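Student: Start from the sequences and build out the full structure, keeping to the hints where you can.
Chains as they are written, first to last, in this note's numbering: chain A, 458 to 1017; chain B, 307 to 800.
I should point out that these hints are in silico values taken from the structure, not numbers from a laboratory. Heads up, some of the hints might be wrong.
Claimed, not checked - Quick look at which bits of chain B chain A covers, simulated, 3 or more residues with Cβ under 8 Å: (1) 313-324; (2) 514-524; (3) 529-541; (4) 691-700.
Unchecked claim - Far from chain A by the CB rule (all over 12 Å, computed), these chain B residues: (5) LEU327; (6) ALA350; (7) GLN360; (8) PRO402; (9) LEU452; (10) GLY480; (11) GLY508; (12) ALA604; (13) LYS707; (14) GLU751; (15) VAL765; (16) GLY768.
Because the structure is a prediction, the values reported are computed rather than measured. Where is the CB? At the ideal position from N, CA and C, for every residue including glycine.
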Amino acid sequence: MIELLHPGLLLVAAGLVLATLSGRARAVLTLVAPAAAVALVLAAPDGVAWRGTFLGYPVVPYALDALSRLFALVFAVMAFGGGLFALGQASRVEVPAAFVYAGSAIGVTLAGDLLTVFVFWELMAIGSTLVIWSAGTASAYRASMRYLMVHLLGGVVLMAGIAGHVADTGSTAFTRIALDSPAHWLILAGFLLNAGAPPLSAWLPDAYPEASWSGTVFLSAFTTKTAVYVLLRAFPGAELLVFVGLFMIFYGIVYALLENDMRRILAYSIVNQVGFMIVGIGIGTEMSLNGAAAHAFTHILYKALLLMSAGAVLYETGRRKCTDLGGLFRTMPLTMVCGTIGALSISSFPLTSGFVSKSMVAQAALDGHLEIVWLLLAAASAGVFLHAGIKFPWFVFFQKDSGLRPPDPPWSQRLAMVLFAALCIGLGVFYAPLYRLLPYPADYVPYTGAHVVEMLQLLLFSGLAFFVMLPMLKRTLTITLDTDWLYRRAGPALAGALRAGIGSIDRAIRRVTLGTLGAGMGVLSRGLGDRGQLARAYSTGNMVLWVAILLVFYLILYFA
Amino acid sequence: MIDGTHLPVLQVVVPLLCAPLIVLVRGGRIGWAIATAASVFFLASSLAILLEVQRVGVISYAIGSWPPPWGIEYRIDAANAFMLVLLGLVASVVAPYAWASVRAEIPRDNHYLFYALYCLALAGLGGIAVTGDAFNLFVFLEISSLASYVLIALDRDRRALLAAYQYLILGTIGATFIVIGVGLLYLMTGTLNLADIASRLGDVRQARPVLAALAFLTVGISLKAALFPLHMWLPGAYAHAPSAVSALLAATATKVSVYVLLRFYFSVFGTTAVFAAMPMGDVLLALSIAAMIVASAAAAFQTDLKRLLAYSSVAQIGYITLGVSFATATGLTGGIVHLFNHGVTKGALFMLVGAIAFRLGSSRIDRMAGLARSMPLTCAGIVVGGLGLIGVPGTAGFVSKWYLVLAAIEAGSWVIAFVVVASSLIAVAYVWRFVEVAYFRPPSEETARLKEPPAALLVPAGVLLAASVYFGVEPSLTLGAAYGAAEALLAGPR
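Tutor: Written out as structure tokens, the structure is:
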């Protein structure tokens, strides 16, 4: 009986109904629908549930195994937490759109064939665009358009790939795919685009921070992690992914360290964290795939927690820049504590969820004798602690006193944060249930003496480095450290040069691209607009001329 | 009547006789009733014919019991049976729609003329589809074209006159080319029956007059089908015609012409003669891709919604001929199913824009600011239809796009497959033109006062729109029919 209900479609339908409700009924459905989806995912048995045909191909819109249950579960939990956090959201569109978005993400994880994957993939793009757009600001509107265009392009690439795959093999089954034909490369490209992989990583930090205080919480969870899911299923062990993942890890760190908008810092850190997962997929051992899956699970929870705390700050203060914030721990203690728990989790602090998942990927690199990868991952862990573990809570909640005295947010937001903070700590301490959900048997023991000590050392030294380098990270800061000239003069100069360098390259690329685009559009609109050469109302003689030209062309062609 | 043997001829004769009948009674209302009844009869009879064709394969009907090739033969296989269903479906939805739309757009005295011409156009288009005789085909082409010229000119908008005039000139040139082509074929084979021409063409296939016939027919039919770059008459004609006429013609007229092209290429000249002995596949492919890209881009820059849709039609015809250019079963199936899907979708869209114009008095995009607040249903309908033009999964457009991509890949061309899907991004741009204005701009004083258009306009449009979504979710009916049509065409000269 239970498999007659598709949890993803349930959420999509709930989202559509939600758009028509208001008041108490809306609040009840916002909480009940995702809770029902969680229950459905947990109760449904393994194995295929639905079969059908579309376009003459067999389709399996609902298939469940360990991997899909893991992702579907965390997506449903996330929809619940996000819905709870967004109870006070004034926009009527955001939560319904987010439920369509979450439901289609679940739809991707439960899809047994590529056509179903594609259908939900496109629906996800539309749902998420609406979530960004519903923030209601002009910049959110523009960001949502850029976001939509990137994702439609991704959909185009994916569709071409899937069609090619079907034409080549005659099969629509969504299973492991070898990188042996152009079609399969296109599928990989379509998947990677949603993961935030280079060269188009920028869509993510561009769009996510423009959503409302609650919208970003939803956005952080689904798009990139469905990409991780489909990569896990289709391309485990593709070596290229190790390099792509490493690039993403360091791209995220560098830009997060240079960023000032608190939610954009966290958005760059999504790219960085997904990089860890993609490295895990690329290594391709059971341990690393388990690690990637587990890390996706825990990452969704702690990144949501971090963005909830940032969202709460935005909700209370209306400010998003680190330089405008600071000292909020006095009046927002609960938000500060929850944000710090999220920050510790993302830094893989022992007894938090990040510790029990991320170390699996690193361990898998070591087991696979990929020492350089392991070393880079370790270095990156320090970098994560710098930008997300310390920089975010430090500048927002401590640092200088910005003079702001906002209270903690309303109860729904507090409850959502406490719930997710409890999950982060709970999974860090009682990790066995999470390991049981993983696709492969996990006999990994995270809490060995060596591990804990290694991680604590890493965090301690990078923490130290943060405070030593504070002047480089934030030049407006007025903390005087008694350090030597290197840090006071050369350091800031270097950081400034670096920032100016990357900034000017970035600006130059943007200027050239936008300039070319603008000029191109000008040419197009002159050519195709109302009075344009190609589209104006033609004189009749002109039209007849074309007829003659074409006739002569054909005659020559045929007689030749 | 009941046994259905005379259905092929009644299909044409009923609307043909309804036209003078309407002129005789001279009543707008009674004219509407007769035209609607004729359209519904057309649909019912075409469905009966489709079922019969799926049972027996080919129906041959000898007019006046003169056996072919001496008499005129109506010859229906899976390809034209499918065309008839499209015609019947669109006509019997547009006819009820015309009731309110015509009253708003055409002077009262001309209403009866409108319905008479409507029946004539339907008879002509139906005749083109059923006939197996080359000269008869030309006659019906002229009947439908002459009716269309006048239908377009009936609009109150004075620009409709110029558009109709240009269409008249070019349509006449097209018809002349077709008759020249038919004449050359007659010269070489001594027969006008299409099947007979095909069988006698064997020895003289490479003779100059036959090649010239192919050239004249190709250009003439391309003109009628608005195949890029011979599409220039179309945007004006569709933009300035009365809404019901735009819907009918956009959904059927160019499609029937594409059918004629298919008939001549595959059933008369033969696949090998056209696509192997001559590079017609490559030429058609190049023109199709040019249409898909240039016309879509032109659509994105239009300021009038009807004109935008008209350019989009030119682009979509490119998709249809793209499928044809592969000359494979998959390609033809994709092309033919797109012919049907696009006819249904574009018909619905033109009807919805007509519904907006009914309230707003204009189809200019910049006057539609915030229209989604006052006309949520109509605007949502346009968005759904627009998604169909883009080819979003769940709409009929996706089904055709899928087949076209598949055909391109089968033909070994990744680039073309990618162009097909990528060009749908341009469709996003032009659909967005409407969405941006109607949904994201604050309503103007003018739009804020407006109400939803009457149900008499919305319900017929909704039926076609529902069909376009239905055939996107459950495409086995249309795909089956299109596949049958493709097989019948690829079977070669009959």
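Student: Hint by hint, say whether it matches the structure.
Tutor: Checked hints:
For the stretch 313-324 of chain B, the proposed coverage by chain A is not satisfied: 0 residues have a C-beta within less than 8 Å of a C-beta in that chain, short of the threshold of three. Coverage of the stretch 514-524 of chain B by chain A holds. Counting CB-CB distances below 8 Å, 7 residues qualify, and the rule asks for three or more. With a threshold of 8 Å between beta carbons, the proposed coverage of the stretch 529-541 of chain B by chain A holds, since 6 of its residues qualify and at least three are required. Check on the stretch 691-700 of chain B: 3 of its residues sit with their Cβ under 8 Å from a Cβ of chain A, so the three-residue criterion for coverage holds.
A cut-off of 12 Å between C-beta atoms confirms that LEU327 (chain B) is not in contact with chain A; the least separation is 35 Å. Even its closest Cβ contact with chain A, about 29 Å, leaves ALA350 (chain B) beyond 12 Å, as expected for a residue assigned away from the interface. Listed as a non-interface residue, GLN360 (chain B) keeps its Cβ farther than 12 Å from every Cβ of chain A; the least gap is roughly 17 Å. No beta-carbon of chain A comes within 12 Å of the beta-carbon of PRO402 (chain B); the shortest separation is about 30 Å.
The beta carbon of LEU452 (chain B) is kept farther than 12 Å from every beta carbon of chain A, the shortest such distance being approximately 18 Å. Against the 12 Å criterion, GLY480 (chain B) falls within the reach of chain A, whose nearest CB is about 8 Å from its own CB. Every CB of chain A lies more than 12 Å from the CB of GLY508 (chain B), the least distance being 18 Å, so the non-interface label holds. For ALA604 (chain B), the shortest C-beta to C-beta distance to chain A comes to about 4 Å, within the 12 Å cut-off, and the non-interface label is violated.
Remark: the non-interface label on LYS707 (chain B) conflicts with the geometry, its nearest Cβ contact in chain A lying 8 Å away (cut-off 12 Å). Here GLU751 (chain B) stays apart from chain A, with its beta-carbon at least about 23 Å from theirs, past the 12 Å limit. The Cβ of VAL765 (chain B) sits about 22 Å from the closest Cβ of chain A, beyond the 12 Å cut-off, so the non-interface label holds. Every beta carbon of chain A lies more than 12 Å from that of GLY768 (chain B), the smallest distance being close to 18 Å; the non-interface claim holds.
Of the hints listed earlier, those the structure fails to meet are numbers 1, 10, 12, 13, in rising order.
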